[in-house]
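Undergrad: Mind docking chains W and Z on chain S? Use the hints.
Protein chains in written order, with full-length UniProt numbering: chain S, 1 to 340; chain W, 1 to 545; chain Z, 1 to 177.
By construction, these hints were calculated from the structure, which means they are not laboratory data.
Nothing false has been slipped in among the hints.
Derived EDC-like pairs: lysine to aspartate or glutamate, alpha-carbon spacing no greater than 16 Å straight-line:
#, chain 1, residue 1, chain 2, residue 2
1, S, K55, W, D93
2, W, K371, S, D73
3, Z, K73, W, D483
4, S, K235, S, D251
5, S, K2, W, D28
6, S, K55, W, E90
7, W, K371, S, E295
8, Z, K60, Z, D115
9, Z, K143, W, E462
10, Z, K143, W, E465
11, W, K258, S, E330
12, W, K392, S, D73
13, S, K195, W, D28
14, Z, K143, W, E511
15, W, K407, W, D431
16, Z, K150, W, E274
17, W, K407, W, D538
18, W, K407, W, D486
19, Z, K73, Z, D132
20, W, K37, Z, E82
Short derived list, chain W residues pointing at chain Z, Cβ under 8 Å:
#, residue
21, L119
22, A273
23, E465
24, Y507
Backbone N, C-alpha and C fix where the C-beta goes; we use that ideal spot for every residue, glycine too.
What follows is the residue order along each chain.
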Amino acid sequence: MKYALSFLAVIALVLIAWLGSQIPGMPYIFGVAFPYLAIAVFLGGFVYRVVQWAKSPVPFSIQTTCGQAKSLDFIKHNKLEAPHTTAQVVARMALEILTFRSLFRNTHAEMHQGPKITYESSKWLWIFALIFHYSFLLIILRHMRLFLNPVPFWVQWLETLDALFQVGAPTWYMSDVGILIGVGFLFARRLTNVKVRYISLLNDYFPLVLIFTIAITGILMRYFLRTDIDIVNIKQLTVGLAALHPTIGSDIGAIFFIHLFLVCALLVYFPYSKLMHMGGVFMSPTRNMKNNSREVRHLNPWNPRILPHSYAGYEDEFREFMVDAGIPVEKELPPQKDEE
Amino acid sequence: MSVPKLEQLSKSVAQGPSLATGAVPTQDWMDIPAVFKSGNYAYPAKKDKVEYLNSQKGLYFPNAREWSPEDDDWKLPEDWKNIILNGLKERLDKFRSLKIFMDCCVRCGACADKCHFFLGTGDPKNMPVLRAELLRSVYRNDFTLGGKILGKMAGGREMTVGVLKEWFMYSYQCTECRRCSVFCPYGIDTAEITMMLRELLHLVGVGINWILEPASNSNRTGNHMGLQPHTFKDNVEFLVDDVENLTGVRPNISFNRKGAEILFITPSADVFAEPGLYTAMGYMILFEAIGLDYTWSTYASEGGNFGLFTNNETMKKLNAKMYAEAERLGVKYIIGGECGHMWRVLHQYMDTMNGPADFLEVPVSPITGTKFQNAASTKMVHITEFTADLIKHGKLKLDKSRNSHVKATFHDSCNTSRAMGLLDEPRYVLDHVVDNWVEMPENTIREQTFCCGSGTGLNTDEIMELRMRSGYPRANAVQYVRDKFDVNTLACVCAIDRATLTSLNNYWTPEVTVCGLTELVGNAIVQENEGENRAVLDEGLRTMV
Amino acid sequence: MDLAEAFRNYRETIVGKWVDYTLSTYTSSDFFKREKDQFANPIGASVREALDSLFVMMSKGTDPVEFKGPVEKIIKIRAVQEFTPAQAVAPLNAVKHITREVLAADKERAVFVKDLYDFEFNVDLAVLAAFDIYMESRERLYKVRIAEIKSGSHILTDSKCPSKLLNEESQEFLKSV
Chain S
1 MKYALSFLAV IALVLIAWLG SQIPGMPYIF GVAFPYLAIA VFLGGFVYRV VQWAKSPVPF
61 SIQTTCGQAK SLDFIKHNKL EAPHTTAQVV ARMALEILTF RSLFRNTHAE MHQGPKITYE
121 SSKWLWIFAL IFHYSFLLII LRHMRLFLNP VPFWVQWLET LDALFQVGAP TWYMSDVGIL
181 IGVGFLFARR LTNVKVRYIS LLNDYFPLVL IFTIAITGIL MRYFLRTDID IVNIKQLTVG
241 LAALHPTIGS DIGAIFFIHL FLVCALLVYF PYSKLMHMGG VFMSPTRNMK NNSREVRHLN
301 PWNPRILPHS YAGYEDEFRE FMVDAGIPVE KELPPQKDEE
Chain W
1 MSVPKLEQLS KSVAQGPSLA TGAVPTQDWM DIPAVFKSGN YAYPAKKDKV EYLNSQKGLY
61 FPNAREWSPE DDDWKLPEDW KNIILNGLKE RLDKFRSLKI FMDCCVRCGA CADKCHFFLG
121 TGDPKNMPVL RAELLRSVYR NDFTLGGKIL GKMAGGREMT VGVLKEWFMY SYQCTECRRC
181 SVFCPYGIDT AEITMMLREL LHLVGVGINW ILEPASNSNR TGNHMGLQPH TFKDNVEFLV
241 DDVENLTGVR PNISFNRKGA EILFITPSAD VFAEPGLYTA MGYMILFEAI GLDYTWSTYA
301 SEGGNFGLFT NNETMKKLNA KMYAEAERLG VKYIIGGECG HMWRVLHQYM DTMNGPADFL
361 EVPVSPITGT KFQNAASTKM VHITEFTADL IKHGKLKLDK SRNSHVKATF HDSCNTSRAM
421 GLLDEPRYVL DHVVDNWVEM PENTIREQTF CCGSGTGLNT DEIMELRMRS GYPRANAVQY
481 VRDKFDVNTL ACVCAIDRAT LTSLNNYWTP EVTVCGLTEL VGNAIVQENE GENRAVLDEG
541 LRTMV
Chain Z
1 MDLAEAFRNY RETIVGKWVD YTLSTYTSSD FFKREKDQFA NPIGASVREA LDSLFVMMSK
61 GTDPVEFKGP VEKIIKIRAV QEFTPAQAVA PLNAVKHITR EVLAADKERA VFVKDLYDFE
121 FNVDLAVLAA FDIYMESRER LYKVRIAEIK SGSHILTDSK CPSKLLNEES QEFLKSV
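Here chain S stands alone, though its shape is the one from the complex:
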């Protein structure tokens, strides 16, 4: 039922935007006030969360090594999986963040007919996660054309790249297809993979449904409902938003307000949700630390002063036995006392 609830929540958001934007005077709220508010919450929240994380120290060097450490000259060091220098850590993190290295490693314990149990590589999650994230990134970058005037060359360049296949008119962007496929897979996987379904929360379905709806409304505007919206007015609004003197024309179209409102919802939701993995992935101590903890001392700012049970105390307790056994002691036995 958790996934149904997410649909309900998103439908409610759509209705609010659709009906709300029809009320005279409200377009300004939906077109200007909410976006500014959302951006503020997003930026403020994001920074707040990262600062909150950064405030807690990393007391111990807890890198996870996934390959051979640097040790003796003749033992081949795996620089990416057990990084020893900052450059190697950067390379490891880059692979992790840009190519989802760890997911690539994913294996799936599978039972086969016959006497073989294998842990086969299972790359589906990796592929679709990549498709989803890169499509999303591309779409966000493409949207820069709306906020910048003149449109920078790199945005046009990206658009050309994205429309490489030239299917349909207006040309379908690969990223538009990609994000739908990506989100669709991730959602379907949550429902059909027994284990993942069992662990999934509302917090997991909701962002997927939200992003899916944002993508759908965007696609509707671009490919199907072009006549319902006024692109000139939209661009005027968005450029105005970016330049901090927004003007809002009439007849922008309800579908646009729905799209925009959902994006605002996503921005507001972002810092308070698991979507913060975007920031967290950079700060995960098991991945971003060097495996040189025996070569360079890592410092713990709150290292408590705790002393071992002292040798003196140990020898005091066992001195007699030690002397008897011929183990060297610091203090010899006292002269014999009378036995009781």
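TA: Relative to chain S, chains W and Z alone:
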């Protein structure tokens, strides 16, 4: 007619969560309480052990009492809930890892079938993600905006006695092996979560005896076994006699000797329990062959550190003995024996906790002159690093045929592989001491190695069935190489492995014995002066003479 | 058409149901029953493999001594799970009912149901073998426990002063265990 019969039969089939088998629990995991019954939990810590630990400076082990997990009333302190929540807050402020791991999980499920406890028991709460959710749900409820507003809808839940019991159950069904962390796209390490859960539980006096008793032994007598100095010495000397009887050469040893060049520390199980004994004999043969100037210590006679399984304060206190003793004896550096969690502490915690060890020197092999730059600050060298270097420089005379009775495979222990990156040194050594050895299947070795199922102080016999289940993924791989390549020996570099894999193999693959790597080295070494006195050793150091 | 052929034709169906029955302990909702790609693991794999070869053996009338191999594979696992002895062994019996059910559902082959005597007798033999193996496994488990005590690992608990274990009396005791 047959259908009702089948149903009758199924009444006799046990009811237990078994997601791993394809069947799915019908209830939400939050609604399934942890049920304790004999055999599924390790015994709680004895009152006197908790009191002793609590009396030690720098340690805090309150609420010592007699209690049983099977009782409804765990005799928690009155304000236990505040203690737990404040404890959690304190730890969120002290450990960035905890905060990030609480916030970043997207529940992608990549970790789910990576855990040997999940694969072996089928209990959904043993999926690493769900184990973390046990804590995360409470964190959400009390420490996040969404949780405070939406509560259960946002995956939050109230801290209750039931939740606490669940924490106890599942933080002691995790061996902190970090296999899940390898596969997590954010590197979320369940070991960190388990450590925090265990730290929190100790705040209200919930802990297990198999961990706290060795920890208190180690504090008082220097080793987990509780061997007093004279007994420790007797044990080692007993092994010296054995080595002499077998090889004809009596190794020189010394204890607490000031001015020795090197202090040697290994898990005390090596001098007391089979089959670690043979590994200890291997160390002595090796050091004798190269004439190493080293000493044992009775005060720092434990390499292992059950503090790692308790809380960071205990870990620090127990670990501190090593440097203290090295300084007192005036050695140049320390060599550490084969052990998994010991090396986790040495590689990732020791220097931070108890360094800097300015009174020691950067380790240099006295035989080859190799400088161990990778241990420049901690000043502790792993025995296989040391041995591999000796072999590389041709300083050991090895006769592989002395291991001709062995057809080996190599088990990476969790900690040395995933918290240190010690993968190829032992393989290099193995290449030079046995004629043939084979690897287990690809996804069960190196950084993807499966735990023995009994690490982090879970190697106690009251949960033997549980251990056999959690060790099954490892045993299954051993079975495979046994059937395919006639493997008869499982070599490893971990004292807990030596004990627990022996039990695991005894059940699943009785034909396969377990040995330490240095035992095989000891078998293969040709001593210069061994002469006529060496017995015929068909089974290496295990030969009965 | 004869019974042997019926067994061949229905091998997959029967074994499939048998494996499901053995593995599942929860009543699953419809959705999960439709779930084809069952999550699997070493235990699931061992069970599937063993039940399949056991079914072939029993339906072909292989020498019952051979049953021991596959039965051991299953029972050894079930002996360390949280089952009573009866619960551990029960699923083996289920194949009788499953086979009858499957054959009865096929009109052409329903006549073979009366010929199942030999097959069902083989199932009984397999169940008897399972009891032996269950006991063997439990005994082995206790031996593992004792071996731990003997090897000294056990010293980690229940010992005020471990050195006392070294004294002759204890050593004698350990030898006698």
